[in-house]
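Participant: Starting from two chains that each stand alone, build the complex the way the hints lay out.
Sequence order for the protein chains is Y and S.
Residue numbering for the first sequence follows this note's numbering, beginning at 1 and increasing consecutively.
Residue numbering for the second sequence follows this note's numbering, beginning at 1 and increasing consecutively.
Heads up, a few of these hints could be off.
Unchecked claim - Ranges between beta-carbon positions, derived for each pair:
{"hint": "1", "chain 1": "Y", "residue 1": "168", "chain 2": "S", "residue 2": "246", "range": "45 to 55 Å"}
{"hint": "2", "chain 1": "Y", "residue 1": "261", "chain 2": "S", "residue 2": "246", "range": "33 to 43 Å"}
{"hint": "3", "chain 1": "S", "residue 1": "20", "chain 2": "Y", "residue 2": "18", "range": "30 to 40 Å"}
Claimed, not checked - Derived contacts from chain Y toward chain S, CB cut-off under 7 Å, selection only:
{"hint": "4", "residue": "65"}
{"hint": "5", "residue": "136"}
{"hint": "6", "residue": "138"}
{"hint": "7", "residue": "223"}
{"hint": "8", "residue": "228"}
If you're looking for bench data, these hints aren't it; they were derived computationally from the structure.
Even glycine gets a Cβ: it sits at the ideal position worked out from N, Cα and C.
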Amino acid sequence: MRDHSRAGAVNWLYAAPAMLVMAVVGLLPIGYTFGLAGEYHRLALDTRFWPVVRTTLSLTAVTVALELVLGLAVALVLWSPFPGRGLARAAVLIPWALPTAVMAMAWRWIFNADSGVMGDLLFRLGLVASPQVPWLADATSAFWAIVLADVWKTTPFMAVLLMSGLAAIPDELYEAAALDGAGPVRRFLVVTLPLLKPTIVVAVIFRAIQTFGLFDLVFVLTGGGPGGRTQTIAVYAYDVVFRYQELAYGCALVVAMALCLVLMTGLMLGAARGGSGR
Amino acid sequence: MIRRPAVVLLALLLSACGRSEPDDGKVHVRFLAAPDVGGFAKAIIERLEKDHPGVKVDMIEGPAAGDARENMYSTAFMGKEDSYDLAYVDVAWVPKFAAQGWLMPLDALIPPKELGEFLPGDLEGSRYEGKLYRLPVQSDGGMLYYRKDLLAEKGLPVPRTWEELVAAAKKTRTPEVAGFVFQGKQYEGLVCVFMELVWGFGGDLLDPGGAVRIDEAPAVAALTALVDGIHADKIIPQAVLTYQEEETRNAFQEGRAVFMRNWPYAWNLMQKEGSRVRGKIGIVPMVAGPGGKPAATLGGWGFAVSAFSRRPKEAFLVAEYFASAESQKLAFLKGGILPSRKALYADPEVLKAAPHMKALGRVLAGARPRPTHPRWPRMSDALQMHVSAALSRQESPAEALRAAAVEIRAAAAR
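Chain S with its partners taken away, still in its complex shape (with noise of 0.2 Å):
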């Protein structure tokens, strides 16, 4: 008889220090992803069995909070450990990835004509110093969410302006009732949040030659706007900045404001039963300032094959099948998970299921991603702060921002 504690302990001894895995005769593929709501994830590898019998897919279902998952990897990829063939990587952590030498570059694995089929922020934001990193699998864009109603009560069109929302939200919120509401905590997503109005308001972060441009004026107004939308205006609650996605969402879906800022994820819940908006909101991209236009900034999810893979050929394999078009309609029905697709946004099927993708269509198709440098949490850090910093009015805008810039200069320069 063998006693069971030490079992135990040995097999956790042996897991904690190598890859272990049952001898099938199949090339086992193995990544980490979020929890799989909705289950589409294990529809399609059970699918991908079928089709190629000699893999089996290892999927393991991680923490839900990205941040934690990015750990996860890196703590691997550092130790150059083979614990993952492919990673699903979010399109901010693809330079950071790429830099480290952490990833396989695909270029040579895919037709560059199958390329052009893919959304063109997605493509630009899984390529580093000109090479392909990532195959996009889902996309994912910030856009302006109004309600319908509220508008119609007071006969408003909606907004394509900053100027033109201010306007709207200060004849439709009550004490009640927020005019706009947005991801203003200090984190990443203040910085997407932030982003799409300077590039709305026609500026940029980093120009294409490496040139930091967020404290020139455009930008200084973008960064003015908000400020001036919770503190003068007072279209904006003061409790944004302790917002992430789902305290926006919430006062949205609560009736507690007329505008929002979030990704698409929060379309599907709010028109779920029960919802208090439901039926009664509206998508467009965000406003923009004068002399820029809307813009979004690109979020969205897509694999990458593992530097340290002793399988890379099946694991692009995988990486493929789930890129496919079938796989990504299946996602889209099951999951609510956005294509990185151009034609499924104009697929029958896909829109007599959901004809809001038609809309959003075009707000993915000018997304862009944030800059792609290998020290953009550091940047992204620095603006976040001082952003935030404007926001609670430690700060000028001006200031902000010009402190900002010598901070990102001299990431930049390092």
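Isolated chain Y (complex conformation) (with noise of 0.2 Å):
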């Protein structure tokens, strides 16, 4: 038994720069909000709390909901094999691989209003009077903006993330799925998806706290326009921090952000655990 004790302390002495750093880069900034965090009271009388975080649960609800169901499309044309499949699966993680800010630029020449590539499209395609469309003028097509543009960037990493998932499932119950008679839609529903449910509660999980934080996509595309409309809580809390210098607020934002997210993942895991019958 010392050996094995003594192998867990090398263990540990192995893991222990990389606490440290984490330790460093991590906890102490999330320390140090907690301490400077205060009027946690303002959260209460203040008329911009309530609206951002209405925007940003509606936003997290809507794109992970549409990643889902894309991303589990994409993972299982991508884990079945066909020629190319290395190539394919390749590419469709380049939206991925590509910095939020450089494709918000992108995604805002898209959306452009005199000379936007969506609206020509959409005019050619005859479904629009003029090309010349202001998606990002009116609060709807603006708030649809975004969940589209980030949509597009992140299917690749639900997908991703759902193929590994699917890669645990063994042959053999498909097999024996199909001899019992099940079609494809069966053991679609039978197999793949009870199967699947931990990866698909890890990855929605994932997902919904980096949309729940989304910031540089709203910065850079609508600035959180029009009429505040498309604002996030990051996007909020950046301006309380920096732009109007209120430290103490600003980081009481944050504190109640990452309350939200605590609850939101505890529901998540509780329906998940809930619907499995324990």
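Facilitator: The following block contains the structure:
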């Protein structure tokens, strides 16, 4: 048993540098944030707080739902063997690999009111009356522009996560189901989906946390407009800290945001567990 | 032999830890500015270093975006660092920076008589709670650009009221050419445009007593005019809700608008060879509403001395040098930078190079700074958001301004 504990100690030693770095770049700033946060009562009085929470939540719900459906489809397609699959898998990852701010600039051009590709495309298809569509000038279409850009960028990530789940499903189960006369749809419903569920839960939580903190895309694409209707909590917290110089309240916002995330994650985990009948 | 990567790494670490500069026996004065396009700042620095051999100016050419530079200054000052001896500040940053105690009052350093030579708006915008914190170097103000040729075609005079502007726009617009374009995106520029009209309609945002008046009738009338311009009169394309300065200029320069609200910088670019509107444009102060006088929102830049600088004397010397009439003339002739000194708008050499400076001087003489309140960013954001909401018809003009006033009063009271 001596050997065992010794190995344990060595393992800790190996992990120590990484943990130290994590502590310095992760825990320390987080601790600072909690230390600096104050003026919590203002959360209740702030007329901007609930609108930005609402925007952030709807953005999170819509994008993650769309990404899950699309990501699952992409994962299934890329999982089944076909010629050139390796290339296709690599190509699909490109949007995910692009820096968001750069990609957001590109989307700003795509949605440009005077010479944007999106308006031109829909005009050529005969869906709009003029190629000049001010997408980002309207609260609803600006919201959907952000959804589209975010879904485009992060669906590959969802697909990759789901593919790792697909890899863990043994082929025998499919063979057995096929022998029992189950068609592809039924095999998907009784084998793939239930066995993929733990991966789905993790992937959805991952993406929900990321979308909840969405900053760069909104900052570049709409700046929170029009009428503040696309402002997320992260964009608002940035304004409060850097532009209004209200450090204490800005940190309080971040703490509130973290609590929201904990609550959201808890709810999702609870739902997943409840759904599977313990 | 020393290994190169180690040296580079060490240098990086050192430069991140504090200010290090060559030991050349000179006093180094450092500041951050926009990229020096045209090289006029370098030319001024060259002269300065010749006139004052003991001083070396380290100009750091930062990002072109003003708010990025504002953040760089804020971050350094928040940490009480002496990274910058001077701050090249926008008129809108003065109250915020001064209220935080980041800037040094300059009143004792400059004779009052000399101050009288600057444009009144630039000076007012450099003060906070009665003290001077900035030497204005560059003036800026919003104005109305118009297409001389299109107005002449229909025999129309240059509009002086909002009503005349709408009428002229209706007569000159075509499906391809919009009537009026301005900066309508939700950002600081929108507030600048809106305040010009509010003042022009006889209203105000904060009166000298500190009362918030943005929900009063003149302001509502000004916002209604803009909203109707988009949705009822249809002289303004809805796309302006996505426009900042450059989108606006491009629309006007490509001949897609009869009138435009913009800053003076657009003039030189539109008068360049190859510009479609070259020689066909004029400028006047922004139109006024019933019962108001034309107004301009003041922009503009100037030097402030950092409260954390260890060489404030030399820093002020550099500020004064840049603000001198000779330097400002050079900056105008070489870089199109508008002077903050009144006399230069009547200077024969300047007028010979740019006859429109006479009209510009008239605009800038009446330019008004945005309220000098330390919580201006929050007030401005509230106004931006609700004006933008009204322009996109999520709120009626009266509702929008009532909501903005509530938020602005809350910010002022805290």
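Participant: Could you tell me which of the numbered hints above are not met by this structure, giving the numbers in increasing order?
Facilitator: 4
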